[in-house]
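Undergrad: Going down the list, the protein sequences come from chains G and U.
Residue numbering for the first sequence follows the numbering used here, beginning at 1 and increasing consecutively.
Residue numbering for the second sequence follows the numbering used here, beginning at 1 and increasing consecutively.
These are calculated hints, taken from the structure and not from any lab test.
Just so you know, not all the hints are guaranteed correct.
[Stated by the list, open to error] To spell it out: a stretch of chain G is covered by chain U in this simulated footprint if at least three of its residues, at any positions, have a beta carbon under 8 Å from a beta carbon of chain U; those stretches are: (1) 35-44; (2) 127-135.
[To be verified] As a list, the in silico SDA-like pairs of lysine to any residue whose alpha-carbon atoms are at most 25 Å apart: (3) G:Lys-270 to G:Leu-252; (4) G:Lys-270 to U:Val-173; (5) U:Lys-220 to G:Ser-268; (6) U:Lys-92 to U:Gly-146.
Glycine included, C-beta positions come from ideal geometry on N, C-alpha and C.
Single-letter residue listing:
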Amino acid sequence: MDRVVKNRTSSFIDLLKNYSKDSSFPAFIVLVLLVAINASLQPTFFSYDSIKSNFMTFTPLILISMAQGIIILSGNLDLSVGAGMSLLTCVMASLLTDSITSVILVVLLGIAVSVALGAFNGVFAGHVGLPPLISTFATNAIFFGLAMTIMPLPGGYVPKFFYRWYRGDILKVIPVPIFILLIGIGVWVIIKRTAVYRYIYAVGGNAEGAYSSGIKVSNVKLMAYVLAGIFAALAGICLLLSTAIGDPRAGLSYTLNSVAAVVIGGISLKGGKGSIGGAIVGAIILGLLINIIFFAQVSSLYQGFARGLIIVISLSLAAIPKLREESRKI
Amino acid sequence: MNAKSGFKKIFTDKVIVSFIIVVVLFIIGEIAVPGFAAFNHIMTVLQTSFFLGMLSLGQTVVVISGKEGIDLSVGPMLTVGVITSSAILMGKDSNFALALVVVLALGFTLGLVNGAGISFLGIAPLIMTLAWGIVVEGSLLFITNGFPPGKASPLLELLGGGSLKFNLGSYLVEIPWVIIIWIVITLIVLYVFKRTTLGRIFYGIGTNDRAANLLGIRTKQFRMLSYGFSGMFSAFSGMLLLGYVTNPNLNLGINYGLPSIAAIVIGGISLAGGAGSYLGAVAGAIILSTLASILVTFQFGESGRQIIFGFVLLILLVLYARKNLSRDTKQINYFKS
């Protein structure tokens with residue numbers, strides 16, 4: 001797999017050489033460039049406050065891209081993540097009250113709902129065997145409709161202490177958004193140590209081969225959607241806290257952005273190739289790009305255009321190593 | 001395909017099943033709202049399904065050409081057709097021929113860009129067409145400043161929204177012109193796919209790219225061409241849609257991309273490529289439009305419409321969009337149904 005093999009004698013340069021073969025390497029280069037551009041546009045870019053406010057907006061995208069990454073690695077796709085996030089914000093904002101117990105219960109309920117939505121998608125993609133591109137488009141409509149039923153207009157209630165907590169720090173050092181992101185990464189590290197992790201790669205890379213070696217392919221696909229549900233829940237909670245309102249349309253843009261982030265991060269849409277680290281890098285890239293468009297004061301009329309163009313450019317950059325490979329083959 | 005008995009074939013042929021579903025939907029509509037299945041109302045529903053049907057035609061060509069081909073830019077391409085034709089026509093019939101040529105050429109060229117990125121840069125079709133669609137949509141906004149100029153001409157309004165009227169006994173029959181156009185195009189497309197070299201090449205590169213390549217077919221170029229056709233048909237659809245709505249609007253193409261894919265999947269075209277017939281996509285487009293029409297007649301709110309649409313789509317997919325899955329091995333990846 002893509003893991004860099006560490007040798008005790010290998011120096012830093014060898015490590016870099018190994019990493020240059022990694023699927024997320026082009027994305028990493030783009031990331032370094034973007035950080036440089038951002039830093040030159042915004043002198044305070046590396047200050048604590050700026051990092052914190054950046055991560056406040058990046059964290060939902062990073063987490064939902066991790067969710068999308070797991071699903072795409074397993075050879076599937078989820079076009080319902082955005083509507084799922086919106087539904088989550090509506091469910092939670094309609095139930096939250098001022099007490100701490102309610103916050104804890106509602107957050108747990110939110111995670112359960114998100115996992116259930118993932119399982120719903122997973123059954124159709126895994127056990128029923130529908131093409132996920134269309135089946136998750138159908139569930140997207142269902143989730144969006146449910147969110148609209150709960151909350152036709154943005155509203156609900158989020159306790160002040162709860163959304164202020166999101167803007168604060170843990171132990172006065174780690175901003176809460178980064179803390180939640182670290183929880184997500186921690187969950188991924190745990191998943192990495194289980195067999196499910198290898199099964200996901202096996203099924204995404206070669207489902208027939210995986211089936212022949214005794215892996216229950218449909219269950220693994222279901223598992224991928226369920227695990228992604230956990231990350232989607234964290235993303236939904238962060239979205240709710242950053243906007244402090246339940247909104248049936250809040251998550252809509254996250255669907256395509258998450259797919260774009262995953263692809264920019266070097267994960268193959270065919271499944272089985274790439275790493276979740278790549279998805280994280282891809283999401284940060286997309287976030288920084290949106291930042292640049294904002295700081296360059298592009299009028300809102302042209303932001304879509306600029307974003308599309310930038311995605312095309314970064315994808316063309318990501319295509320270069322593939323072309324190099326192909327020319328070597330011939 | 002092995003030979004099946006006539007009766008069994010009716011229920012296994014996805015195209016026939018799709019048309020049966022269309023009839024069932026109209027019967028449901030008629031039970032709920034008397035008059036839903038009246039001839040003229042059926043024609044009205046078919047008229048609205050034409051635009052989705054044209055987008056599905058482009059989608060069909062791209063999907064049949066294989067290699068995970070898919071075109072998410074059909075919506076923006078449709079808007080290209082709307083905006084370009086209205087800007088050239090400016091309400092005058094004298095510009096009609098010019099508008100038609102420019103719309104088709106522009107749609108074709110913009111589609112080729114998709115194809116070039118996919119065939120020669122190796123970008124995944126899903127992402128390439130999505131991103132290019134965003135660029136095209138943004139450019140239209142940029143060029144028009146949000147206020148598209150011009151309007152449809154009388155001839156285009158007749159073709160897009162008018163009907164051929166004649167008396168059959170005492171009954172006034174109205175057949176929308178778009179349906180006549182649709183039937184003609186469908187016959188041509190079916191002929192091209194079944195009987196010409198071009199059609200066979202599309203099926204060939206979709207079934208087995210490498211084998212086609214070894215036979216001397218320039219697979220990359222032909223796949224690029226399929227995206228050109230997709231852009232062209234989408235822009236053509238947009239031009240007639242302008243005739244239907246008269247005044248241009250930048251939002252007409254929104255929400256068309258995925259329904260056009262849903263239509264072809266319902267019609268039995270495999271997303272893996274190389275199989276299926278446009279006739280199925282026609283049925284799929286009619287099913288989706290009829291469903292939308294029924295949901296409007298039932299007067300559900302937006303939320304109810306979304307939920308029911310989602311569930312019905314899932315049920316349709318479960319019923320017969322999947323292949324005969326006997327084992328897990330058939331589930332390869334998300335493009336293979």
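Undergrad: If a hint holds in the structure, say so; if it does not, say that too.
TA: A quick look at each hint next to the structure:
1. 35-44: It is violated, with 0 qualifying residues against the three required.
2. 127-135: Per the Cβ count (8), the hint holds.
3. G:Lys-270 to G:Leu-252: Answer holds: Lys-270 (chain G) to Leu-252 (chain G) is near 24 Å, not above 25 Å.
4. G:Lys-270 to U:Val-173: 51 Å, violated
5. U:Lys-220 to G:Ser-268: 20 Å, holds
6. U:Lys-92 to U:Gly-146: Between Lys-92 (chain U) and Gly-146 (chain U) the Cα gap is close to 22 Å, so the pair holds against 25 Å.
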